[in-house]
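K.L.:
What follows is the residue order along each chain.
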Amino acid sequence: MCGMLSVIFVILIFGFLFVESFTFLKNFGIFRFITGKHWFPASNPPSFGILPLIIGSILITFGACIIAIPISIMSALFISEIAPENLRDFLKFLIELMAAIPSVIIGFIGMIILVPFIKKTFNLSTGLTAFSGSIVLAFMSMPTMISISEDAIHSVPWKYKEGAIALGATKWQTIRKVVLKAAMPGIIAAIMLGIGRIIGETMAVMMVTGNASNIPKTIFVPVRTMTATIAAEMGETVRGSMHYRSLFAIGLILFLITFIINLIADLFLRKIRR
Amino acid sequence: MFNLIIKNFSLYYYNFCALKNINLKIKEKNITAMIGPSGCGKSTLLRSINRINDTIKGVFTKGNINVLGKNIYNTKIDVEALRRNVGMVFQRPNPFPLSIYENISFGLNINNKNSINIKMAVKESLKDVLLWDDVKNKLNRNALNLTLEQQQRLCIARAIIMKPNIILFDEPCSSLDPIATQRIEELILTLKKEYTVIIVTHNMQQAARISCDTAFMLQGKLIEFNKTEKIFTNPMEKETENYITGRFG
Numbered sequence: 001m002c003g004m005l006s007v008i009f010v011i012l013i014f015g016f017l018f019v020e021s022f023t024f025l026k027n028f029g030i031f032r033f034i035t036g037k038h039w040f041p042a043s044n045p046p047s048f049g050i051l052p053l054i055i056g057s058i059l060i061t062f063g064a065c066i067i068a069i070p071i072s073i074m075s076a077l078f079i080s081e082i083a084p085e086n087l088r089d090f091l092k093f094l095i096e097l098m099a100a101i102p103s104v105i106i107g108f109i110g111m112i113i114l115v116p117f118i119k120k121t122f123n124l125s126t127g128l129t130a131f132s133g134s135i136v137l138a139f140m141s142m143p144t145m146i147s148i149s150e151d152a153i154h155s156v157p158w159k160y161k162e163g164a165i166a167l168g169a170t171k172w173q174t175i176r177k178v179v180l181k182a183a184m185p186g187i188i189a190a191i192m193l194g195i196g197r198i199i200g201e202t203m204a205v206m207m208v209t210g211n212a213s214n215i216p217k218t219i220f221v222p223v224r225t226m227t228a229t230i231a232a233e234m235g236e237t238v239r240g241s242m243h244y245r246s247l248f249a250i251g252l253i254l255f256l257i258t259f260i261i262n263l264i265a266d267l268f269l270r271k272i273r274r
Numbered sequence: 001m002f003n004l005i006i007k008n009f010s011l012y013y014y015n016f017c018a019l020k021n022i023n024l025k026i027k028e029k030n031i032t033a034m035i036g037p038s039g040c041g042k043s044t045l046l047r048s049i050n051r052i053n054d055t056i057k058g059v060f061t062k063g064n065i066n067v068l069g070k071n072i073y074n075t076k077i078d079v080e081a082l083r084r085n086v087g088m089v090f091q092r093p094n095p096f097p098l099s100i101y102e103n104i105s106f107g108l109n110i111n112n113k114n115s116i117n118i119k120m121a122v123k124e125s126l127k128d129v130l131l132w133d134d135v136k137n138k139l140n141r142n143a144l145n146l147t148l149e150q151q152q153r154l155c156i157a158r159a160i161i162m163k164p165n166i167i168l169f170d171e172p173c174s175s176l177d178p179i180a181t182q183r184i185e186e187l188i189l190t191l192k193k194e195y196t197v198i199i200v201t202h203n204m205q206q207a208a209r210i211s212c213d214t215a216f217m218l219q220g221k222l223i224e225f226n227k228t229e230k231i232f233t234n235p236m237e238k239e240t241e242n243y244i245t246g247r248f249g
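Line by line, the protein sequences give chains A and B. Under the numbering used here, residue 274 is the last one in the first sequence; the count climbs by one each step, no gaps. Under the numbering used here, residue 249 is the last one in the second sequence; the count climbs by one each step, no gaps.
Derived by calculation from the structure, the hints in this document are not laboratory data. Heads up, a few of these hints could be off.
To be verified - Pairs of lysine-lysine, DSS-like flavour, derived with a Cα cap of 25 Å:
(1) K138(B) with K29(B)
(2) K57(B) with K159(A)
(3) K171(A) with K70(B)
(4) K221(B) with K25(B)
(5) K227(B) with K159(A)
(6) K163(B) with K177(A)
(7) K227(B) with K29(B)
All values derive from a computational prediction rather than experimental measurement.
From just these sequences and the hints, can you work out the full model?
P.N.:
The structure is reproduced here in structure tokens:
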């Protein structure tokens, strides 16, 4: 029953986004919308190309994943397998606390501390870059990733470890070849949830990435994400206008991207379970 | 002749003395059974022989266990090498959640034994446990899809691929049905030709069926150790007689 309800909600949300953006997509053309290189919704004639926004979102997400995934898996392994019991409890508490920090606060810290730091270390004209966004998002997604991976690693049955030890495996071999593999479905679920949080995050990104809608050539230039565009411009649009509907269309594309990511993860999980 | 000699061996779990001064000499290429009521320490003793008790907090030991003439409780011993030489099969089949092939080759792979043809070795050991015909076409399938009996055979194959000297069985049939139990017992009997087998069992008939020597333990002490037929027909100790005639346990 509840399962059905959540499916209905997802369909309703999709339907709502679709209805709101349908006339826009029909008039402007979905291909022009996705592959257009310029986002000038207020100029005359307006240009609604979201390629820079899509690339901005993907670039930041990719950077954040590269930072967050290895650190998260290693932290989870350390907490679950290596740390003594009291340290383990303390670290778990700390990580759950980290997860509870509101994103705007993290964005704030990023803006005040991280952005100037990046400007100085890499000698850039501005510290508001995709790279800053990636760091901030990695920091935000790590608590989720660590906490869920740790649960998955911790619930690997003792009998697997015992079996590996009895065959002469060292602690590290046991962790790498048995524990990690047994926990893999859970770890992938953790990573997917983390990516979901990264790609959908708005506030913190808006504060540290500079919001310039250019197609970035490196990770050290300002970018604008899809989420930040919706959040920043929704207030200024006229209800029912082309611009207003184009923001819904961005939402629709974002929804499709996260949907595809989850679908891939699901297929992948099924493959390893078999 | 004896490749396992246990000398004045005691084991403590925090303050509790779980094994009291055990002395035992076990013959090579022979099946030795350990029987006794639950909690008598038979599994603990078995688990001391490959030092897998080391993984339990609060355990410390006194005395020696000599495997092939070396005291395995010497601090300088290579514990991983010991465990490669002393295989173990557990109470509940515990294949890793990996493919059948990865399960069997696990021990060789972590060792980087490049000189050995792993594919051949996997085939050989699966044949030895009479599992090859059942699984030869699905070596890449997850081992958890096998039946419990097949899983236990796989665990035995996983142990014998290492060519150990001794194989320890910790109640290997307790989660199997009678027919599967019989077939695993037949398999264990064939292992005697090449390996020293020590089996812990709560099933006295099983001990009588497959073992040559039997050790009877009670409350952490070794009460009696003798030829199996002696233990079951003409025990020396009163406690042994009481146990095998079913007065307690």
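K.L.:
If a hint holds in the structure, say so; if it doesn't, say that too.
P.N.:
Structure-based check of all given hints:
With a C-alpha separation of about 33 Å, the suggested pairing of K138(B) with K29(B) is violated against the 25 Å cut-off. Taken as a hint, the K57(B) and K159(A) pair is honoured in the structure, with Cα atoms around 16 Å apart against an allowance of 25 Å. Proposed proximity of K171(A) and K70(B) is supported: the alpha carbons are some 24 Å apart, at most 25 Å. With a C-alpha separation of about 15 Å, the suggested pair K221(B) and K25(B) falls inside the 25 Å cut-off, and the hint holds.
Among the hinted pairs, K227(B) with K159(A) is inconsistent with the structure: their alpha-carbon atoms are about 33 Å apart, more than 25 Å. With a C-alpha separation of about 21 Å, the suggested pairing of K163(B) with K177(A) holds against the 25 Å cut-off. The straight-line distance between the Cα atoms of K227(B) and K29(B) is roughly 15 Å, inside the 25 Å bound, and the hint therefore holds.
Violated hints, in rising order: 1, 5; the structure is consistent with all others.
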